[in-house]
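Protein chains: 2
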Amino acid sequence: MWYGRWGGARELNDVFLRVCRGRADGRVPVWFMRQAGRYQPEYRELRRRHSLLDICRQPSLCATVTKLPVEQLGVDAAILFSDIMVPLEPMGVRFEIREGVGPVVAEPLRDARAVAALRTLEPERDVPFVLETVERLKAELDVPLIGFSGAPFTLASYLVEGGPSRDQRETKKLMYGRPDVWHALLSTLTGAMAAYLTAQVRAGAAAVQVFDSWAGALAPRDYDRYVRPHMERLFEALRPLGVPRILFSANGGALLERFGAVGADVVSVDWRVPLDVARRRLGGVPLQGNLDPVALLAPWDEIARQVEAILAEGSGGPHIFNLGHGVLPETDPAVLKRVVELVHGKGSG
Amino acid sequence: MWYGRWGGARELNDVFLRVCRGRADGRVPVWFMRQAGRYQPEYRELRRRHSLLDICRQPSLCATVTKLPVEQLGVDAAILFSDIMVPLEPMGVRFEIREGVGPVVAEPLRDARAVAALRTLEPERDVPFVLETVERLKAELDVPLIGFSGAPFTLASYLVEGGPSRDQRETKKLMYGRPDVWHALLSTLTGAMAAYLTAQVRAGAAAVQVFDSWAGALAPRDYDRYVRPHMERLFEALRPLGVPRILFSANGGALLERFGAVGADVVSVDWRVPLDVARRRLGGVPLQGNLDPVALLAPWDEIARQVEAILAEGSGGPHIFNLGHGVLPETDPAVLKRVVELVHGKGSG
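Note that the protein sequences, when read in sequence, are chains L and C.
For the first sequence, counting from 1, position 341 maps to 341 in this note's numbering; every step adds exactly one.
For the second sequence, counting from 1, position 221 maps to 1221 in this note's numbering; every step adds exactly one.
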């Protein structure tokens, strides 16, 4: 923890926020998606006694888990430990998180009746534990806290498929076959996520990341027709909060221009699109990414070569170093720490 | 079957080959990946008595299966019914094709010893049934026959992972950690596929398609370092055959320029990249694609809208209409036939 000139006041490491706002100053902040997770022995130990959702629901535990990678790795931002499905439970969705699979929904939602039955999310009433966790973290962290939610399309995909899907078959069938039901569903989810992220920011989150993990399954013309209006509404609803809005998608390379156009302040890019290519396509939008998480399982020389290539490709504008997807469970924590040091050394050089 | 002016001589419908060679004439040929498969009642009936590999190994059956969609749908090309794993068995790989999963390899191949143990493929000795099937089809079809193989990377991925993989973790670990073993493996597979495709063309295939289904999992810099030299060698080995060489990849949008550069005469694009965007990136290279196979499960109006959008996007140059991936088993054969008619009507307009 850093202390400022005026006694006990903590000095916030704000390089992440500065880069989100386009003020690069040559420094490259770094954090990792799933930086709290199964690669950490401490997390695995905790998970022997608590389910993932238990941890999300207990502010003290959840704050501890969120802080651990900040303390251990020296990353420049924390991200709330949670799951994108958490706010859906009070909306009436029953699900479980299955190890190695992801969310599995008890009753997939595929008709107008099921969409109409979704309850309105009131974050203060429905997910007070999330907001209490954010408040604790705001008081305890010396790096910015990133709040997050799923994007309407990705949440809808879990709800309609009933779990992760290779080709989003049921989701697209609903989208094409019952556009009225589809738009009602996305509209409901958009309103709920706007309320959820707004509450996180009011509780102390300094930035938000919207995870549209599955949007890359869509043809651009389908994105424009079935998803984009909802994303524009979501990002517009978040604008008055004044915090950076990051948009993440895996495998969404063909949609990059659209991610900028819907209102994202920062676009998270995966390893499939080099950052210099992404920057040409997105103009001045700050970029986040884009190491392949599998590369962290390589020998160090290969990892270092890739990190340096990414720093070079990202050097033409504001860049937040991250992975293109979450840290894999078999990743060595010492390797992540070494990557942070390499980025910080390079970034401030 | 069509008959020419000189009695019994069949007249070949060569519009597919003409478009492959860049002579568009405003006509758009059409065929579908997996146009022979489980969506057909006749195929399902056959599969009650024969395994997929049984069919591949019996020229009479295999030719019948290959021809059926040509007769039923009126497509402009046939593609040999087979599986990319077929030539690997005589090389010493034991595998089975599991329904709904794909190839499952008995002993995943992850070290130098296993790579060295792979036997050289001699198509005439090792897969005579494939060549006999091609010869029969050459004599019986009035549309061009497309031969095919897996690409070295995609075959290596099945061999190293032991089956389909979400993130190609073991494949990339071998690639990064043992580049010597990796390049030996890809070099062996490249030589084998060059021999395999050459034999198919000598037996009568009028074009070849190389399936690099998993290449889209790679960062472009990894593609350049670990895959591209082998693809260049493969396409160079095929050049003297004088037949169009089509390169397919799912999810390979970020690699399009590279697919052109390794020597593909035609690049097959999936629905994630609109054809007009692909054409700008690939210059004059003829394009194949790119309807989302899930869209075929939509109401007809939506399908027609998408087919027409794709025809418009593809109209700036040579275009072969196809899907971005294989036909799904729940597709209605009548819908496929209607798509062929729509493409033909539009294409010749």
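Source of the hints: derived by calculation from the structure; they are not laboratory data.
Errors might be hidden in some of the hints.
[Unchecked claim] Using 25 Å as the maximum straight-line C-alpha spacing, the simulated DMTMM-like pairs for lysine to aspartate or glutamate come out as follows:
id, chain 1, residue 1, chain 2, residue 2
1, C, Lys1337, C, Glu1071
2, C, Lys1337, C, Glu1107
3, L, Lys337, C, Glu1170
4, L, Lys67, L, Asp83
5, C, Lys1173, L, Glu313
6, C, Lys1138, C, Glu1011
7, L, Lys337, C, Asp1167
8, C, Lys1138, C, Glu1170
9, C, Lys1173, C, Glu1071
10, L, Lys173, C, Glu1122
11, L, Lys173, C, Glu1313
12, C, Lys1067, C, Asp1054
13, L, Lys173, C, Glu1099
14, C, Lys1173, L, Glu308
15, L, Lys173, C, Glu1302
Hint by hint, here is what the structure shows:
| no. | hint | verdict |
| --- | --- | --- |
| 1 | C/Lys1337 with C/Glu1071 | holds (11 Å) |
| 2 | C/Lys1337 with C/Glu1107 | violated (41 Å) |
| 3 | L/Lys337 with C/Glu1170 | holds (23 Å) |
| 4 | L/Lys67 with L/Asp83 | holds (16 Å) |
| 5 | C/Lys1173 with L/Glu313 | holds (23 Å) |
| 6 | C/Lys1138 with C/Glu1011 | holds (13 Å) |
| 7 | L/Lys337 with C/Asp1167 | holds (23 Å) |
| 8 | C/Lys1138 with C/Glu1170 | violated (40 Å) |
| 9 | C/Lys1173 with C/Glu1071 | violated (46 Å) |
| 10 | L/Lys173 with C/Glu1122 | violated (45 Å) |
| 11 | L/Lys173 with C/Glu1313 | holds (23 Å) |
| 12 | C/Lys1067 with C/Asp1054 | holds (17 Å) |
| 13 | L/Lys173 with C/Glu1099 | holds (23 Å) |
| 14 | C/Lys1173 with L/Glu308 | holds (19 Å) |
| 15 | L/Lys173 with C/Glu1302 | holds (11 Å) |
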